[in-house]
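Got chain A sorted already, so can you dock chain B onto it with the hints?
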Amino acid sequence: MDCVEKITRSREKLGHRQIPTYKSEAEGGCGVVGLACSTSVAGRHILQSCLQMHNRGNGKGGGIAAVGLLPEQMGVPRAILEEDYLLQVAYLDSSSRKLVEDSFISPYLQVDYAEKIPSLDEYRKVPGLEVRPPDVIRYFVRVDEDVLDRFSKEYSLEELGRHQVEDEFIYQNSFKLNQKFYASLGEKRAFVLSHGKNMMVLKIVGYTEQLIQYYCLGDVEANIWIGHQRYPTKGRVWHPGGAHPFVGLHEALVHNGDFANYVRVTKYLRQRNIHPQFLTDTEVSVLLFDLLSRIYKYPLEYIIEALAPTTERDFYMLPEKKKRIYKAIQLSHMTGSPDGPWFFIIAGNDPYKRQQQLIGITDTSMLRPQVFALQEGDVKIGVIASEKQAIDAVLKSLSDEDDRFLPIADKYWNARGGSHTDGGAFIFTLTDIKEDETEKELRCTDKFGKVVTTIKNPRQVYSKSSLTFEYPVDIVEKKLSTNSFKTPLEMFNRLIDFLYIYQNNDFLDLVDMLRRYSTRGNQEKSFAIEVLTLLMDRRYNIGDKRRSMMLTKIQQELDEIFSSTPRIGSDSNYQFIDWQSRNLLQSPQDPDRTLIINVEDFYPEGPDSASRFIVAAYNLGWKKVIAYGLRGQRFLGCGLGPKSDIRVDLYGSSGDYLGSGLDGAEIYVHGNSQDQVGQIFRRGRLVVYGDVGQTFMYGAKGGEVYVLGNAAGRPLINAVGKPRVVINGTCLDYLAESFMAGDPLGGGGFVILNGIRYNDRGEIVEQETPYPGGNLFSLASGGAIYFRDPYKLVTEDQLNSGKIVQLSFEDCELILPYLRENERLYGISVDRLLTVDGKKKTIDEVYRKVIPIPLKALSMIGQ
Amino acid sequence: MDRANSSNCIGPKCKENSFYCVSLCPYNAIHIEPNSDYMVLGDPIWTPDLLLATWYQAETGESPLSIEYQIGDSGGGFDKLKFKFRKESSDGKEKENIRTSIELNKRSYGARIEISVPWYGAGMSFGSISLNMMLARAKASQAWNTFVSTGEGGYPEELVPYKDHIITQLATGQFGVTEQTIGYARIVEIKYAQGAKPGLGGHLLADKVTPDVAIIRESVPWNSLFSPFPFHSVYSVEDHKKHVDWIRAMSPNPDVLISAKVSSPTDVEMVAVGCYHAGVNIFNVDGSYGGTGAAPDIAKKNIAMPIEYAIQKVHRFLVDEGIRDEITFMASGGIRNAYDIAKAIALGADGVIIGTADLVACGCTRCGNCEAGRGCPHGIATTDHELVELIQPDWGAQRISNLYYSWHNQLVDILWRLGFDDIRDLRGAGLSQKYEEYGGKGLLQSG
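Line by line, the protein sequences are chains A and B.
If you're matching positions, the first sequence starts at 478 in this note's numbering and goes up one per residue.
If you're matching positions, the second sequence starts at 17 in this note's numbering and goes up one per residue.
Bound conformation, chain A alone (with noise of 0.2 Å):
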């Protein structure tokens, strides 16, 4: 008998009882944040981004952990934190506690410290805060060397490692106590929330931003946190026992989505004789990540692979040698693997290889939003969240504090659900520097093992040698003042010459410089917000410096220039409204005029939102509308209605259904955008200088669009009509598909999927391949995309129902207007994309096309 089938064996008694196999809890998605850093943080940090994320919750559930304490705050020696089980039981019914103790604590565990958790003296207190949170015991315990040795004899346990034993009898002790003290009962009067060393899960009814506040959180500092706004849809919940997250032993999970087949992984538990005793997906997912990681030993690469296999085109572009362990990592564990829409977010600590992990993983088919961070300063930070706005909403709370953190991170990514590039999954891992000391190193790396890092390479950025001049700021100042620049393109296009071997200093003198600049006057005004702009849209060589801080910078000194500009109705060309002085929204004098809003405090959604007080000023003759500050808002540019002309500029975190049912107006927007972009577009433009997430311009009409980034999953899926859009990057996967937008040279639409990317210096790059997908075009009966694949690297295989062409001479015709619009926005020559390695070629040796083909099943083919 193997180990495994001993721990298997030892568990046969746990589950007696017929546990049900139906889930008791429906939940849907949610709102799901993790951080990890190599220096310990503050709860309060996380509860910004909680906050960030209210309208994910509806208030019936939410939850963190932490990993990685300080001994300090928690009352104990470090080597008790890191060696002791931090166990940590729920009293709903606080009169159990002696029971509880005296049944499953004092007899086989050796407590070194016990203590309630600080909370407030009231849960009322808490704002909105409806049903009275639980106490917490926190107990420190190792398991009594007499019960271990017992337990380690009864079950024939001997060859194992000691601490592996004491891990399991720590997991089924804990499970015996629920089982005896919540699952079997009709009441519920105590649970673990908690057993791994050196962690812990708090969970509540209510938000997790009140769970912060009753819990003192605030201050309790963790390298590693995790976050979860809870949806469940059966009402009047009164125990936080459903809530996130869910713990295995070392690990702790918080999940989005939804199984399609929790009944058929629950039986594969069973058979392991795993019996969930709560009843909820997630609860599931880390008991099967427990069993992976803890009693199959897999290494986490295999155990990812096991929960989000690797299929079709995917599979087939691996190496041969995993082809083979995949292959049978999905033969043994495919009935267990979750099907449906999830992501996960699991928090673990590994104390027997010292090194602590946050680890996202989203399901194959990419159905749940998701983003990472990276920020890697003087500190380093990853972060993983369902909304961009939630990330920046941890880091600009971390910046406001500390000035080692920048409020931009370094880098934003989505990953690829089951694919052969990333895995779909990244891990930020936290390793000791020193021992007994907090700082730590954290490195991120994909399935796969390959390191993401934001660090560039010195001799890279330096390697052009073709220096000519340099301006000090106080020269660029002067030609400023001398109108030596007639326009800001040409400003900006003169200093790229030299920023890149600017000093940080430089750089925030010079943007200190343009905002001074912009007090002079109305023209000086405008021309140094377009300077700004440009320094923040385009990509160009900006030396060792980062470029995160370089934003950070002006974005501070734009929107000090959009303070400061006169109130609404002044007789100013900008003039300035925000939540106080909302009531005061009026018609602009004449409609040249433009209206800055400070978006920060308006609501997301609804009456108040930010949304419908720009379709307010719209109605009122505003064209021009520069809306900043924003930290998620949805919907903007929703409402405007048909043949709207109207600009809006949008500057920070913009929200989701931006520009969704657009039918004329423009929108710029200026940094990433996020998911359900566009969707049912009809006319107008949209600019992003940034990346675009799930679903953009699903169901879309028309409209020119153009994305300097990559977009996410399922881009103009189900697109009709004319839209045009230009994508400089590339896409997850499912690019148009169903795409039915007529016949291009007609009138009708077309994607052009330029597949680029800028390198540490600022130049353009191609990407590994302009299309890593398995989908591509699929099902469609119209429209087509224009690829620029000089290296013919796309092929056949990826489309269904497409072919590909040669563009004809009308084809070129078509698209270099495009391409030209897309140099003026972005400055992507069209030199540039036609030159390859050093040579210039013509666009139909650069470009290919897809165009569909007529299908049995959907035409009438055949019949």
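Since the hints were made in silico from the structure, they are not lab data.
Predicted model only: the values in this text are computed from it and were never measured.
Check before you lean on any hint, since a few could be wrong.
[Stated by the list, open to error] The calculated DSS-like cross-link candidates involving lysine-lysine, where the alpha carbons are at most 30 Å apart (straight line), are: (1) B:K329 to A:K1120; (2) A:K830 to A:K927; (3) A:K665 to A:K630; (4) A:K927 to A:K483; (5) B:K31 to A:K665; (6) A:K653 to A:K830; (7) B:K179 to A:K744; (8) A:K575 to A:K657; (9) A:K1269 to A:K1316.
[Claimed, not checked] If you anchor each label on the Cβ, the simulated ranges turn out as follows: (10) B:I48 to A:N738: 55 to 61 Å; (11) B:I339 to A:L1061: 37 to 43 Å; (12) B:G384 to A:P1084: 44 to 50 Å; (13) B:E173 to A:R1059: 50 to 56 Å; (14) B:E130 to A:Q1063: 34 to 40 Å; (15) B:G384 to A:K1318: 55 to 61 Å; (16) B:E174 to A:T812: 50 to 56 Å; (17) B:A445 to A:R1059: 48 to 54 Å.
Just so you know, even glycine gets a beta-carbon here, dropped at the ideal spot from N, CA and C.
Same frame as chain A, but now just chain B:
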């Protein structure tokens, strides 16, 4: 010589009459036998009698005398339920004050919209049915102060004059949905699923995607249109909330009502509560008996939960959660006549949604050939230029209106006989403790 008009024949029981044609015929040339058309008509749900009765009511506005118009022959569902009436029918004046109107919004926010009859028209898209048929339904809805949904094939300009009685539907293909068409509507319906084919999106086969249809949907003519099975932007309840918020953000009407149409999976009551929390005003469960000939046979009647079971489940759950009076709950999928309407309401719905019956009123024979070739030989489910002329909007509107008139009278009669003076009091009154025992305590019994 006049053509024989067999619909006036009352059959063998005429024998007792002095004018019995068979015995009067001097040449013994007349004999009576069941009409051969009648023999091949219909199916156990829509029996030949129900079809005939619907045609009769559409023609005359009255309840038929000798045709079974209350119940079908399926042996289950509404056909197994009967009311336990307390009073005999009456033609008296006392029925005048009986109210049949229902409120479509019970929330503290949104427009107060009351419809005069406890039903409105289900979504049937341009493409699946003709423009004339859509206009007929719109006109009838206007006449009866109720609504009809556009379906997912866009919003033809010709419907705009009736916009106060038209629901704009947003379905997974998002065909023809723009800020403009959202802006027309007092109610926007999000169609997540259809009871006849849960798990499948709408589909219009190539034959019916004529150039006219392709223009309004902005697609390619003669190419099948398969809408995705889900909304790719909605995979969870918090996505759903965002979706609902989005529609409100797009609409120029701050009081717009949002309806969510779902099929009836086993956990439909959870979906109902999720919809409540997302802020929808109308929750519509579509059961498995509905669907035209276009739904694939493999899906029809085989996937979703029977509607009469789903209604009770949802109603009770909403009551238990304490939110029943904040959401309007509409049932649909196989509601064929006034008795079905009353039963659905007695089981716990606020009202119902009607699809096929409108078509039958205009001459649909339920032949089931809605999707292929030029489509419907009766000019209903087609966009063929010649065939559509078979239905003229005014004629169709009058037929539907007549049917509604007859239903209204029957409903009033049902309420009278049950002892109610308001349809709202009937809601849930037919429930007993357990489904199997519905003969027990409520007003409905199995028969």
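Results of checking the hints against the structure:
This hinted pair does not check out: B:K329 and A:K1120 have alpha carbons roughly 46 Å apart, beyond 30 Å. A hinted pair counts as satisfied when its Cα atoms are at most 30 Å apart, and A:K830 with A:K927 qualifies at roughly 20 Å. Of the pairs offered as hints, the one joining A:K665 and A:K630 is violated, with about 33 Å between alpha carbons and a cut-off of 30 Å exceeded. Of the pairs offered as hints, the one joining A:K927 and A:K483 is violated, with about 35 Å between alpha carbons and a cut-off of 30 Å exceeded.
Restraint check: the Cα-Cα separation between B:K31 and A:K665 comes to about 75 Å, which exceeds 30 Å; the hinted pair is violated. Taking the CA atoms of A:K653 and A:K830, the gap is near 28 Å; set against the 30 Å cutoff, the hint holds. At roughly 53 Å between alpha-carbon atoms, B:K179 and A:K744 are farther apart than 30 Å, so this suggested pair is violated. Proximity of A:K575 to A:K657 is assessed by CA-CA distance (about 14 Å); at most 30 Å being required, the pair is judged to hold.
Proximity of A:K1269 to A:K1316 is assessed by CA-CA distance (about 16 Å); at most 30 Å being required, the pair is judged to hold. Between B:I48 and A:N738 the Cβ separation comes to about 60 Å, which falls inside the hinted range of 55 to 61 Å. Checking the proposed 37 to 43 Å range against B:I339 and A:L1061 shows it holds: the Cβ atoms sit about 39 Å from each other. The beta-carbon spacing between B:G384 and A:P1084, approximately 47 Å, falls within the hinted interval of 44 to 50 Å.
Look at B:E173 against A:R1059: about 37 Å separates their beta carbons, and that is not inside 50 to 56 Å. Distance hint check: the CB atoms of B:E130 and A:Q1063 are about 38 Å apart, consistent with the given range 34 to 40 Å. In this structure the hint that B:G384 and A:K1318 lie 55 to 61 Å apart at CB holds, the actual value being about 57 Å. Against the hinted window of 50 to 56 Å, the Cβ-Cβ separation of B:E174 and A:T812 comes to about 54 Å, which satisfies the hint.
The given range of 48 to 54 Å is respected by B:A445 and A:R1059, whose C-beta atoms sit roughly 49 Å from each other.
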